[in-house]
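Peer 1: Read top to bottom, the protein sequences are chains A and B.
Here the first sequence stands for residues 1 to 112, numbered as in the numbering used here.
Here the second sequence stands for residues 113 to 226, numbered as in the numbering used here.
No lab work stands behind these hints, which were simulated from the structure alone.
These numbers come from a predicted model, not from an experiment.
We treat Cβ as the ideally placed atom computed from N, Cα and C, and that holds for glycine.
Heads up, simulated DSSO-like pairs for lysine-lysine below, C-alpha to C-alpha not over 27 Å straight-line:
| hint | chain 1 | residue 1 | chain 2 | residue 2 |
| --- | --- | --- | --- | --- |
| 1 | A | Lys36 | A | Lys104 |
| 2 | A | Lys104 | B | Lys121 |
| 3 | A | Lys104 | B | Lys152 |
| 4 | A | Lys104 | B | Lys148 |
| 5 | A | Lys36 | A | Lys69 |
| 6 | A | Lys36 | A | Lys59 |
| 7 | A | Lys36 | B | Lys148 |
Computed far set for chain B versus chain A, every beta-carbon distance over 10 Å:
| hint | residue |
| --- | --- |
| 8 | Val124 |
| 9 | Ser174 |
| 10 | Ala192 |
| 11 | Thr224 |
Below, each chain spelled out in residue letters.
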Amino acid sequence: GQQVMQIPQYQHVQEGEDFTTYCNSSTTLSNIQWYKQRPGGHPVFLIQLVKSGEVKKQKRLTFQFGEAKKNSSLHITATQTTDVGTYFCAVTSGAGSYQLTFGKGTKLSVIP
Amino acid sequence: DTEVTQTPKHLVMGMTNKKSLKCEQHMGHRAMYWYKQKAKKPPELMFVYSYEKLSINESVPSRFSPECPNSSLLNLHLHALQPEDSALYLCASSYWGVGIDEQFFGPGTRLTVL
Chain A
1 GQQVMQIPQY QHVQEGEDFT TYCNSSTTLS NIQWYKQRPG GHPVFLIQLV
51 KSGEVKKQKR LTFQFGEAKK NSSLHITATQ TTDVGTYFCA VTSGAGSYQL
101 TFGKGTKLSV IP
Chain B
113 DTEVTQTPKH LVMGMTNKKS LKCEQHMGHR AMYWYKQKAK KPPELMFVYS
163 YEKLSINESV PSRFSPECPN SSLLNLHLHA LQPEDSALYL CASSYWGVGI
213 DEQFFGPGTR LTVL
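Based on the provided sequences and hints, a complete structural model is requested.
Peer 2: Structure below.
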């Protein structure tokens with residue numbers, strides 16, 4: 001399946017600080033999805049990006065898809081303890097594919 | 113109902129046992145998935161069913177046998193597993209349209225093979 005690199009692997013922030021995780025691919029992506037998995041929980045869908053240069057916001061979360069559709073980022077403004085968890089990007093092997101490959105994830109810890 | 117349910121939540125089995133994992137959704141989704149997730153790792157796709165037919169098998173060993181009895185149910189039959197098969201097994205579902213849509217994950221079955 002499609003490969004995607006996700007960094008950083010871990011991030012510890014003080015509550016109120018910002019957080020960003022990045023996903024990068026060597027090839028052009030059809031789309032990219034983002035999921036959040038709380039400790040002991042299951043992945044929960046956050047967003048899907050499809051268009052080049054797309055930017056979507058969900059409250060304090062901002063998602064971007066690069067112009068070349070080879071990279072994406074998730075930015076959280078003013079983190080809260082409820083943001084704790086592992087954030088995964090996930091990509092398909094091509095348009096019309098149902099094979100979803102997850103990045104290795106970024107584990108976010110928030111220090112109160 | 114926007115929920116995917118999985119039973120059991122926990123399962124401990126010996127290497128000679130036969131057991132089954134069950135997954136159910138009532139969202140009208142026609143795509144259903146099995147993933148395996150080891151600790152501190154991302155979910156790895158095992159199988160994809162579309163309209164109750166197996167469409168993707170990611171080279172999974174035959175000791176894992178999926179079954180889709182109807183559009184709402186998905187089973188994973190386990191036989192002669194190895195200790196390294198211990199993991200969280202996640203079921204997911206999505207609409208089956210033109211390309212992938214958001215996937216709804218169940219809470220998972222945490223499997224321990226002794």
